[in-house]
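Colleague: Chain by chain, the residues:
Number of protein chains: 2
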Amino acid sequence: MKVSVGISARHVHLTEEHLKILFGEDALLEELKPLHQPAKFASTKTVTIQTKKAKFEHVRVLGPTRAYTQVEISRTDAYQLGIQPPIRESGDILNSAPITIVGPVGCISLNEGCILANRHIHITPKQMELYGLSGLNEVHVLVEGEKGGILNHVYLKIEEASYFELHLDTDDANAFGIHNGDVVTILEGNTNDF
Amino acid sequence: MKVSVGISARHVHLTEEHLKILFGEDALLEELKPLHQPAKFASTKTVTIQTKKAKFEHVRVLGPTRAYTQVEISRTDAYQLGIQPPIRESGDILNSAPITIVGPVGCISLNEGCILANRHIHITPKQMELYGLSGLNEVHVLVEGEKGGILNHVYLKIEEASYFELHLDTDDANAFGIHNGDVVTILEGNTNDF
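If you read the protein sequences in the order shown, they are chains A and B. With this note's numbering, the residue at position 32 of the first sequence is 32, and numbering never jumps. With this note's numbering, the residue at position 61 of the second sequence is 61, and numbering never jumps.
Everything labelled a hint here was simulated from the structure, so no lab data went into it. The C-beta atom is built at its ideal place from N, Cα and C for all residues, glycine as well.
Just the calculated beta-carbon pair ranges, DEER-fashion:
#1 V183(B) - M1(A): 29 to 37 Å
#2 E159(A) - G82(B): 33 to 41 Å
#3 L32(B) - Q84(A): 22 to 30 Å
#4 E159(A) - Y68(B): 48 to 56 Å
#5 F164(A) - F41(B): 45 to 53 Å
#6 N111(B) - E159(A): 47 to 55 Å
#7 Y79(B) - E16(A): 30 to 38 Å
Taking lysine to aspartate or glutamate and the EDC-like style, the derived pairs with C-alpha atoms no more than 20 Å apart in a straight line are:
#8 K53(B) - E57(A)
#9 K157(A) - E146(B)
#10 K157(B) - E146(A)
#11 K53(A) - E57(B)
#12 K55(B) - E57(A)
Residues from chain B that keep clear of chain A, each with C-beta distances beyond 10 Å, as calculated:
#13 M1
#14 K2
#15 F23
#16 E25
#17 D26
#18 K52
#19 D92
#20 P98
#21 E112
#22 P125
#23 Q127
#24 A161
#25 V183
#26 I186
So here's chain A without its partners, still in its complex pose:
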């Protein structure tokens, strides 16, 4: 079974409240480019994320706003920033890493909110059934090529409104030589059995 890959560069999700602090009372997230996932988009807004050790400018804010503010980075970014974010599912930010977000109007210093996103596949309940994945919560994925191999612990993110796609961070993409839109293979069984 094949799945196409979407590579997530470092990005930020904001609550309505934090959006207003960073960009002003009247701020709205406007769409720059739609994402493959239904109703999700890259907004026209960017922020700076920083720690006392380093900062990254021009980090894209994704929309729409969410119930939580979350910064998703790679391990490579984390080393530069000098923080140790846990590997988490989106939204699971309890006791994750602290980070500061700076906008053109204001800034917020979060005690928690920075994570490394886990490897995951967006999939509908119906596709789970069609593809014979019912009952599984993770799979592993084969990548061809000179920098190829197998990615373990790829979580199945089952939602009705989903575009079938594997989301990886830039570390996984660069290590495996994967480009946006590349097609890889979902394997059955558990790699650790090999």
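With the hints as your guide, set chain B onto chain A.
Modeller: Same frame as chain A, now just chain B:
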């Protein structure tokens, strides 16, 4: 079969001639820290590597000098620098990427010399036999953990004077959650058969 991992950050190898251009006529490479590979060391010297798009300062020069000058970076570095180095064995620099090296005294602009090092294991001919690897030129390697998986195309670099060790770049290390000195498992057979 287990092997420990050595992670290679971006680094530079220099010819005697280039060492003198960058650091002056009397320059010598002095040892800052020995590497695991016999007679190899991190020198006290660093350089800046740059392209028109970006630069990295404080890039370590490894010793001793070699018959060729070579810059080894990660794909993450390559994107920042705006170049597309090929994945190569050390020393195989024909038609590799151009890069400029700046030292405190002089600089050199190479038409070729920048590569992404392939995944490789340093091993002696005797160990090849002992470990039942005779006749193979590559293996694949299992990494445990939340960011685990399998690395394909790990080349066997067979030399008499070798310390048995898997060398990975920082992209592979960060994608797989590997730290310097971690121990991973060499698998038999070909992953693409799975």
